[in-house]
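Participant: Listed below are the residues making up each chain.
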Amino acid sequence: MEKRRIVQLFSALLNNAYIKGFATLSIYQGQGKAVCVPVLNCYSCPGALGSCPVGSAQFLLASYKHQVSLYIAGILTLAGASSGRLVCGWLCPFGLLQELLNKIPSPRWQLAPVLKWLKYLVLILTLLLPILWVNSAGLGSPYFCKYLCPAGTLEAGLPLGLGSGQLHPLLGALYYWKLALLILLVAASIMIFRPFCRIICPLGAFYALFNSISLWRLEINPARCVSCGICTNICPMEIQVTENPNHPECIRCMRCTQNCPFEAIAYTRINPAPIGLTGEIPEDLRT
Amino acid sequence: MKNRVSILIIIFGCLLTGAGLWRGEAGAVLLKGIRICLECIGIG
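Here the protein sequences line up with chains A and B, keeping their order.
Residue numbers for the first sequence, in numbering that gives the first Met the number 0: 0 to 286.
Residue numbers for the second sequence, in numbering that gives the first Met the number 0: 0 to 43.
Next up, chain A with everything else stripped away, as it sits in the complex (with noise of 0.2 Å):
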């Protein structure tokens, strides 16, 4: 099994480690759940050890007060500036499980370049809509997790929704609605890579603001580059890597790393020359 997958299943079960919830059909209440993680991870779901930042930053934000967090926004920009979409790409459960899904073989679809655009204007409402859309007592909603989250339709509202003899009666309209977005994006999950990261994440939207400024990122040595394209068909997110490593699309999965036969592609640190980015082609790899 790849570093990669490794990391991400220990994420996903670090994330969601409280096996009694499970069990017991109850959520996590300790003081973990002050802590806000870096990814999308529903914070009702039955397992959840910490706090979804969008869930959380929505509740402050739809609150009387209309509270913007610094500290959900200062975490954020932590795991951004730090390392980009690496976050996406290595420690998202969600993610994982679309991945996972995309390893079923199927017909294989390419996304409409414009649909990638999508999460902006997601990550935008959801940040406004609660400030904006308010009750008569001034009131907002989190209407990102209301109508469109499916990995809280997925971790919270299937196995309290189905499982919980109190909220089963409750279950309405607007559960079925959001059942069907994810059923809908298992679907789409099987045929195009990662879709939910790619068209609506808006924690995805505000990691891609980083990715070409974070301290950990991508650089290619023109010294090596043939611009044989191997990169660039191996991305899973489409991008074309040679002319920008960093795009916002990159979730860091380091496949196009793995898979240059030349070595000119690598990650860079604080102070020393990119790893790998010294000098020219060596002569075992000209071969």
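Rather than coming from a laboratory, the hints here were simulated on the basis of the structure.
Given the structure is predicted, the values throughout are model-derived calculations rather than measurements.
Take the hints with a grain of salt, since some may be wrong.
[Claimed, not checked] Which stretches of chain A does chain B cover? Using the computed rule of at least three CB atoms under 8 Å from a CB of chain B, they are:
id	segment
1	48-57
2	147-157
[What the hints assert, rightly or not] Below, in silico cross-link-like pairs of lysine to aspartate or glutamate (DMTMM-like), each with a Cα-Cα straight-line distance of 20 Å or less:
id	chain 1	residue 1	chain 2	residue 2
3	A	Lys102	A	Glu262
4	A	Lys115	A	Glu242
5	B	Lys1	A	Glu242
6	A	Lys115	A	Glu218
7	B	Lys1	A	Glu237
8	A	Lys2	A	Glu262
For each residue, glycine too, the CB sits at the ideal point set by N, CA and C.
Since the structure of chain A is already known, use the hints to place chain B on it.
Facilitator: Frame of chain A, contents of chain B only:
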């Protein structure tokens, strides 16, 4: 140059996190997180 920008943003992120903690926002996140989110389930 890019590294300086990213380090400055990281410092800014740390300051934001610290300011949020100082304002007690972790408590607000905790209060939300320990209650079942009906919107997330698709009921609220």
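Participant: Would you mind marking each hint as holding or not holding in the structure?
Facilitator: Tested hints:
1. Coverage of the segment 48-57 of chain A by chain B holds in this model, with 4 residues showing a Cβ closer than 8 Å to a Cβ of that chain against a need of three.
2. A count of 5 residues in the segment 147-157 of chain A with a Cβ less than 8 Å from any Cβ of chain B is obtained; the coverage claim is therefore met, three being the minimum.
3. The suggested pairing of Lys102 of chain A with Glu262 of chain A is violated, with an alpha-carbon distance near 27 Å, which exceeds 20 Å.
4. Simply put, Lys115 of chain A and Glu242 of chain A have alpha-carbon atoms about 18 Å apart, close enough for the 20 Å limit, and the pair holds.
5. A threshold of 20 Å between alpha carbons decides the hint, and for Lys1 of chain B with Glu242 of chain A the separation of about 18 Å falls inside it, so the pair holds.
6. Distance restraint check for Lys115 of chain A and Glu218 of chain A: the Cα-Cα separation of roughly 23 Å exceeds the 20 Å cut-off, and the hinted pair is therefore not satisfied.
7. Taking the CA atoms of Lys1 of chain B and Glu237 of chain A, the gap is near 25 Å; set against the 20 Å cutoff, the hint is violated.
8. With a CA separation close to 18 Å, the supplied pair Lys2 of chain A and Glu262 of chain A stays within the 20 Å bound.
Hints 3, 6 and 7 from the list above are not met by this structure, while the remaining hints are.
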